[in-house]
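Protein chains: 2
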Amino acid sequence: AVSRELRFPWSYLSTLAVTEPSSPAVKTAIPGPKSSTMKRDLNLIQNTDVVHFFVDYDRSMGNYIVDVDGNVLLDLFTQIASIPLGYNHPRIMKVLTDPVNLAAFANRPALGMYPPSEFAQILSETLLSVAPRGINQVQTMACGACSVEHALKGAFMAYRRRERGGSPPTQEEIETSLLNTPPGCPKLSVLSFKNAFHGRTMGALALSHTKWVHKLDFPSPCWPFATFPSLKYPLEEFADENNAEDARCLAEVQDKIASAKRAGQPVACVATEPMQCEGGDRYGSPNFFQGLQDICQENGIALLLDEVQTGAGASGKFWLHEHFYLRDPPNLVTFAKKMLTGGFYYTPDMRPSEAIVEWMDS
Amino acid sequence: AVSRELRFPWSYLSTLAVTEPSSPAVKTAIPGPKSSTMKRDLNLIQNTDVVHFFVDYDRSMGNYIVDVDGNVLLDLFTQIASIPLGYNHPRIMKVLTDPVNLAAFANRPALGMYPPSEFAQILSETLLSVAPRGINQVQTMACGACSVEHALKGAFMAYRRRERGGSPPTQEEIETSLLNTPPGCPKLSVLSFKNAFHGRTMGALALSHTKWVHKLDFPSPCWPFATFPSLKYPLEEFADENNAEDARCLAEVQDKIASAKRAGQPVACVATEPMQCEGGDRYGSPNFFQGLQDICQENGIALLLDEVQTGAGASGKFWLHEHFYLRDPPNLVTFAKKMLTGGFYYTPDMRPSEAIVEWMDS
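For the protein sequence lines, the chains are A and B, in the order given. The opening residue of the first sequence carries number 1 in UniProt numbering; numbering runs sequentially from there. The opening residue of the second sequence carries number 1 in UniProt numbering; numbering runs sequentially from there.
Hints in this document: simulated from the structure, not taken from any laboratory. This structure is a prediction, so every number in the text was calculated from the model and none was measured. Take these hints with a grain of salt, some might be off.
Copies of the same chain look alike in the list, so a pair counts if it works inside one copy or between any two.
To be verified - List of simulated lysine-lysine pairs, BS3-like, C-alpha gap at most 30 Å: (1) Lys34 with Lys194; (2) Lys194 with Lys211; (3) Lys194 with Lys256; (4) Lys187 with Lys39; (5) Lys232 with Lys317; (6) Lys256 with Lys27; (7) Lys261 with Lys187.
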């Protein structure tokens with residue numbers, strides 16, 4: 001019965017673009033007449049001020065996006081850097097139509113409680129096979145913002161675990177956690193950087209400092225942020241200036257960590273993109289990131305590298321931070337977008353433990 | 001070339017369960033030996049304390065889940081209420097293998113900027129065709145927590161828009177929003193309920209008050225919450241007591257709204273499940289929810305009904321709040337899980353407008 005129900009109309013595939021266009025071809029104003037009509041219709045349902053044009057995804061291929069008016073455009077945007085292999089890549093299509101994956105798509109496994117058989121093997125052969133050097137723990141998530149939010153949780157739990165020195169949480173901590181107040185919901189903070197972007201849920205948004213339209217009118221925890229280095233190019237020519245810039249920014253990080261502690265809101269985690277993307281393609285030097293790791297380790301603070309946009313090969317190495325030759329792995333590395341799943345890698349000290357066990361025992 | 005690459009090995013489908021088992025059948029201890037081995041392997045990669053058993057999703061069907069040791073179990077859990085039609089339902093499988101959907105799966109459209117052709121039609125024929133009465137706006141999201149987070153944003157923006165009375169944001173608001181401080185990131189709050197669960201990202205978690213293991217060690221905005229009614233059954237017999245309980249809880253809501261305002265952290269939104277689920281299947285009366293809407297309207301506060309777990313027919317009506325006969329639609333209704341996409345419905349006054357336009361003009 002199932003196989004009859006599921007007969008795939010293969011003739012459809014012949015309507016898909018199967019080769020890349022040879023060049024861009026602009027035929028109408030953009031947005032064209034069809035896009036404009038569709039925008040008017042969609043505007044009845046939701047705000048469409050930021051819609052650029054409507055896309056014919058069936059006809060888009062490789063590096064080219066084709067709009068509904070037939071304009072063929074070389075796409076440098078790739079759905080906010082989310083497409084790893086271009087439009088309608090046959091290998092991606094194959095994965096999506098591979099029956100081995102069908103039950104996972106259809107049955108929405110609650111992976112923490114009822115994982116599919118061979119889940120460990122699947123993780124090993126995919127996510128762990130490209131894990132940053134020295135990291136062998138991974139947690140999957142649905143999207144980039146969720147990945148950042150839950151990586152922060154790992155950092156907060158690790159920070160408090162260290163502070164408790166192996167003791168279980170107190171009754172006061174347990175009770176106040178349900179009331180949104182300290183000590184159960186402690187006054188901890190995360191230090192991020194000016195011009196950083198980490199996502200749009202409340203925790204991730206508190207780390208983001210690019211466009212006011214992302215943040216205006218939303219309450220936010222008042223977490224600190226420091227200046228990301230502005231390097232001068234060519235690098236060889238400005239080595240001294242850039243070293244001074246690195247030192248200046250690292251000193252600011254130390255100052256902000258110290259003042260957050262004095263203000264009763266200690267920094268549990270330093271979160272940064274290894275390259276600022278939304279903030280304007282800003283690069284930091286290996287020297288800067290090595291210094292950042294030193295500061296984190298000296299202060300018992302987790303280092304979170306958010307590779308949601310930079311991961312999966314975008315930099316020439318699989319993870320951009322591999323260019324930095326860090327002495328130790330970063331504690332947390334988030335991913336999403338081109339990875340085609342969200343999640344984060346983490347070192348064993350970031351692995352949640354006692355809280356979950358306590359809950360299971362209760 | 002594509003059609004050759006994508007040949008679907010139909011013989012695979014004959015290995016899928018196609019009929020529901022006739023009864024449960026427990027053959028081993030649970031977790032069984034295969035599950036235990038898999039748990040040990042997965043534990044090398046992530047904490048598996050809460051893994052119950054591993055599932056053979058290919059062999060699960062309808063109301064029955066089959067574990068890797070061959071145990072057949074009647075499933076009352078349905079992946080935390082996320083499966084609308086049982087395991088491996090042929091109609092779901094058909095949608096997943098329908099080539100019309102393939103380009104959307106493969107090409108990860110950034111829906112706000114580059115929607116697919118006919119997106120308005122797709123939304124109309126699916127999400128809007130089952131929209132709560134009186135609501136014609138919808139925004140899609142990836143998951144339940146994100147849906148709640150972004151519905152809250154809608155409420156905050158609407159609250160400040162009303163406060164500004166049509167004026168654009170001030171330069172001070174714009175500048176301070178990037179610094180995580182008022183007035184750009186205003187001290188606003190959301191009132192939720194004791195025993196509520198709304199998700200695990202920072203904003204959604206601040207609304208949640210069920211298990212301490214969800215909240216312990218995470219900093220949280222100190223937002224207020226009130227008591228959800230505890231009704232006595234049978235309802236006919238305890239009408240007076242239940243009316244008194246409703247009145248008591250509504251009075252508490254009013255008190256909390258007033259005291260939040262006095263404390264300089266006004267309530268911009270009241271968020272509640274129409275039935276508490278994680279908190280233990282707690283029902284509120286139509287009387288209670290009508291009263292809640294009155295209070296929200298009197299105070300210029302958005303009412304958010306979080307139907308992530310209760311929506312899509314679980315209550316006998318498509319949306320549980322349809323049982324309440326509210327005078328006006330709730331301002332925001334979130335969904336996910338059984339809807340097989342996340343998102344939220346909203347009334348026109350919750351529609352974001354000027355901030356986006358300002359950004360486009362700048």
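Consistency of the hints with the structure:
no.: 1; hint: Lys34 with Lys194; verdict: neither (40 Å within a copy, 50 Å between copies)
no.: 2; hint: Lys194 with Lys211; verdict: within (11 Å within a copy, 35 Å between copies)
no.: 3; hint: Lys194 with Lys256; verdict: within (13 Å within a copy, 36 Å between copies)
no.: 4; hint: Lys187 with Lys39; verdict: neither (45 Å within a copy, 35 Å between copies)
no.: 5; hint: Lys232 with Lys317; verdict: within (23 Å within a copy, 62 Å between copies)
no.: 6; hint: Lys256 with Lys27; verdict: neither (53 Å within a copy, 59 Å between copies)
no.: 7; hint: Lys261 with Lys187; verdict: both (10 Å within a copy, 22 Å between copies)
Against the hints set out earlier in the document, violations occur for numbers 1, 4, 6.
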